[in-house]
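S.K.: As they're listed, the protein sequences go chains V and H.
The first sequence lines up with residues 1 to 281 when you count with my numbering.
The second sequence lines up with residues 1 to 316 when you count with my numbering.
Since the hints were made in silico from the structure, they are not lab data.
From a predicted model like this one, the values you see are computed outputs, not experimental measurements.
Do not take every clue at face value.
[Said to hold, decoys possible] Heads up, incomplete: computed chain V residues facing chain H, CB under 7 Å, no partners named:
1) ASP123
2) LYS223
3) GLU229
4) GLY240
[To be verified] Simulated pairs of lysine to aspartate or glutamate, EDC-like, Cα-Cα distance not exceeding 16 Å:
5) H:LYS96 / V:GLU96
6) V:LYS139 / H:ASP72
7) V:LYS223 / H:ASP7
8) V:LYS162 / V:GLU31
9) V:LYS23 / V:ASP47
10) V:LYS162 / V:ASP47
11) V:LYS227 / H:ASP72
12) V:LYS30 / V:ASP150
We put the CB at the ideal spot given by N, CA and C, even for glycine.
Spelled out, the chains give:
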Amino acid sequence: MTEITPGRSYGFFTDTSVCIGCKACEVACKEWNQLSGNEPAFGDGFDNTGNLDAQNWRHVEFIDNVPDETLGSGQGKAWLMMSDVCKHCQHASCMEVCPTGAIIRTEFDTVYIQPDVCNGCRDCIAACPYDVIEMEESKGVVQKCTMCYDRLQSNLEPACAKACPTESIQFGPVDELREMAQQRVDDLQAQGVTQARLYGDDDSIYGGLNAFFLLMDEPEAYKLPDKEEAVLPRRNNTGGYLGALGTAILGVVGGLIALRRRREPGIASAQDDGSEGDVRH
Amino acid sequence: MFGTELDHFVRSPDWTWYILGYFFFAGISGGTYVLASLLRLRGDSADEPAARLGYYVSFAALVPCPVLLILDLGRPLRFWHMMWNTTPDDTGLNFKYWSPMSVGVWALVVFGAFATIAFVEALVRDDKVRIGLARRAVRLLDGTFGRGVMVVGTAFGLFIAGYTGVLLAVSNQPVWSDTWTLGGVFLASALSGSVAALTVLSRYRRGAEASADALTLAERLYALLEAALIVLFVLTLIQTGSLDIVFGFPWLLLWLVAFAGLVPGLAGLLTARLAVTGNGIAVAVHSASAVRSVAVPTLVLLGVVSLRAAIIFSVQ
Numbered sequence: 001m002t003e004i005t006p007g008r009s010y011g012f013f014t015d016t017s018v019c020i021g022c023k024a025c026e027v028a029c030k031e032w033n034q035l036s037g038n039e040p041a042f043g044d045g046f047d048n049t050g051n052l053d054a055q056n057w058r059h060v061e062f063i064d065n066v067p068d069e070t071l072g073s074g075q076g077k078a079w080l081m082m083s084d085v086c087k088h089c090q091h092a093s094c095m096e097v098c099p100t101g102a103i104i105r106t107e108f109d110t111v112y113i114q115p116d117v118c119n120g121c122r123d124c125i126a127a128c129p130y131d132v133i134e135m136e137e138s139k140g141v142v143q144k145c146t147m148c149y150d151r152l153q154s155n156l157e158p159a160c161a162k163a164c165p166t167e168s169i170q171f172g173p174v175d176e177l178r179e180m181a182q183q184r185v186d187d188l189q190a191q192g193v194t195q196a197r198l199y200g201d202d203d204s205i206y207g208g209l210n211a212f213f214l215l216m217d218e219p220e221a222y223k224l225p226d227k228e229e230a231v232l233p234r235r236n237n238t239g240g241y242l243g244a245l246g247t248a249i250l251g252v253v254g255g256l257i258a259l260r261r262r263r264e265p266g267i268a269s270a271q272d273d274g275s276e277g278d279v280r281h
Numbered sequence: 001m002f003g004t005e006l007d008h009f010v011r012s013p014d015w016t017w018y019i020l021g022y023f024f025f026a027g028i029s030g031g032t033y034v035l036a037s038l039l040r041l042r043g044d045s046a047d048e049p050a051a052r053l054g055y056y057v058s059f060a061a062l063v064p065c066p067v068l069l070i071l072d073l074g075r076p077l078r079f080w081h082m083m084w085n086t087t088p089d090d091t092g093l094n095f096k097y098w099s100p101m102s103v104g105v106w107a108l109v110v111f112g113a114f115a116t117i118a119f120v121e122a123l124v125r126d127d128k129v130r131i132g133l134a135r136r137a138v139r140l141l142d143g144t145f146g147r148g149v150m151v152v153g154t155a156f157g158l159f160i161a162g163y164t165g166v167l168l169a170v171s172n173q174p175v176w177s178d179t180w181t182l183g184g185v186f187l188a189s190a191l192s193g194s195v196a197a198l199t200v201l202s203r204y205r206r207g208a209e210a211s212a213d214a215l216t217l218a219e220r221l222y223a224l225l226e227a228a229l230i231v232l233f234v235l236t237l238i239q240t241g242s243l244d245i246v247f248g249f250p251w252l253l254l255w256l257v258a259f260a261g262l263v264p265g266l267a268g269l270l271t272a273r274l275a276v277t278g279n280g281i282a283v284a285v286h287s288a289s290a291v292r293s294v295a296v297p298t299l300v301l302l303g304v305v306s307l308r309a310a311i312i313f314s315v316q
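The shape of chain V in the complex, shown without the other chains (with noise of 0.2 Å):
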């Protein structure tokens, strides 16, 4: 590993051709960042961790793909294994909200939540496409994944990358491991394995994902948005006020109309009509 440098960006290169569901990642990440984890539970597979949030900055999905009988070799689609994280988004949604300016972009192009400055809005978990942040009720702020960022400026890898042994979780800055996925993937697809595929490594998911993946299947089989699906809440702003002030002007001119002096018979007042004994004063 060469030097961490300021100014440079950084990020992971996760490799799920690969990933065999150890969980390392997890221990590893636990570990460095004393995230006490959450009781574990299993569903129906053989996740005992089950989401990216406030204890689990990463998690590894196990979805199971397993075919009732068995036809051929799966072609590396039987288990999906997925150590997930979060995205470190060029456009994130979670910092493109956040009101108190608590998510930064740090000096290694990561997002990082500043746990002294986050008031426990809940905002950005409302955002955040990928199901990645959430609050840590204890501290009353959110969390997740950092990058590892007190290791960064003290020139080590993230945790989850150095413990992580079958190399799934690669760290590096983005432009190499961009270098690197794309070889990796015109690798297996000339081995035949027409599946795989890179997301996020160009800027048509939230302007380029600085921890993109290489899948085995359609970003949906993961939970991930598609290119159509990035999309940022700030989409919703021009629409969203222009009904409000649509519905401003028309609730201003129909206050106008029924708030003027009625004179007209059709409505009698509560004088007229001798109720207004029931006034009180």
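Mind docking chain H on chain V? Use the hints.
M.R.: This is chain H only, laid out in the frame that chain V set:
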């Protein structure tokens, strides 16, 4: 991107009761300020008691707003971080025009000033406050300057009553981000609820009954506006395939309450139209019974809460 069917993989932000309460009170505070100002701007002195009542209600509904917002925060004592960025080496005022939460915080502060001025003014004009300085200050609000203050305050009142819907829309949540109508729906609903609140409370304000007829008609027009926006809301959600989320059980029960709150207003419109004879002679359609002036507005207000609850909670 409205109108496009999107898969959402987001987490719920757990915005619950405090936010529901804020959305309701912000709607009533902004809406009653708007109605009070419209009554005043029409320039009939007979409407002055109802206008002052509107400003009282607006201020009373405003008070819980910051309290609810602050209590909702994970770190309530850091509420001021909304306005002041404490990031080391980047301290300064926080204002992000593209973030409705950021805009809303400042709008609430500014509107709070207008609502407070109107409240104090009403107290002075009602002789509840007899301080010479206050009287002199209120005199400044006579004439064109006062009307200008009301117009600007009305604009902020409309914003406060409606931006909460835009706040929901500017996210990646299903339903909320699938429609452009939420700001309008919340604003129309806030206006309906504000008319209802004034109708109920005008029983306790001497002279406010003079505006009862006007409020009745306003209730009908705002019910129509709200109904139209709910139809648009439904149409946009049909387009994006997320209608079943917000109208499924048990949320449908809340919608039934919201619809029930619209019935009196819509029925009033229908009745009024039917009551006009071929000669153009209208028959009386208004009565000031306890049902008319208490039960119906209460139902409308319940509808305002239910509509917001259905939209906020169904997605989470």
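S.K.: GLU229 (chain V) was flagged as interface toward chain H. Is the shortest Cβ-Cβ separation under 7 Å?
M.R.: 5 Å, holds
S.K.: Can LYS223 (chain V) be said to touch chain H, with a Cβ gap under 7 Å?
M.R.: 5 Å, holds
S.K.: Within a Cα-Cα threshold of 16 Å, do LYS223 (chain V) and ASP7 (chain H) meet the stated pairing?
M.R.: Holds, because 9 Å separates the two Cα atoms, which is no more than 16 Å.
S.K.: Can you confirm whether the C-alpha distance between LYS23 (chain V) and ASP47 (chain V) stays at or below 16 Å?
M.R.: 10 Å, holds
S.K.: Please verify whether LYS96 (chain H) and GLU96 (chain V) have alpha carbons no more than 16 Å apart.
M.R.: Holds, because 9 Å separates the two Cα atoms, which is no more than 16 Å.
S.K.: Sort out whether GLU31 (chain V) lies within 16 Å of LYS162 (chain V), counting only the CA atoms.
M.R.: Measuring from Cα to Cα gives roughly 12 Å; hence the hint holds.
S.K.: Are the Cα atoms of LYS30 (chain V) and ASP150 (chain V) separated by 16 Å or less?
M.R.: 14 Å, holds
S.K.: Is it true that the CA of LYS227 (chain V) sits at most 16 Å from the CA of ASP72 (chain H)?
M.R.: 34 Å, violated
S.K.: Check whether the Cα positions of LYS139 (chain V) and ASP72 (chain H) lie no farther apart than 16 Å.
M.R.: Roughly 14 Å between the alpha carbons, so the hint for LYS139 (chain V) and ASP72 (chain H) holds.
S.K.: Answer holds if the nearest beta-carbon of chain H is closer than 7 Å to that of ASP123 (chain V); otherwise answer violated.
M.R.: This interface hint holds because 5 Å falls under the 7 Å limit.
S.K.: Using the nearest Cβ pair, does GLY240 (chain V) come within less than 7 Å of chain H?
M.R.: 4 Å, holds
S.K.: Does ASP47 (chain V) sit within 16 Å of LYS162 (chain V), going by the straight-line distance between their CA atoms?
M.R.: 22 Å, violated
The earlier numbered hints that this structure contradicts are 10, 11.
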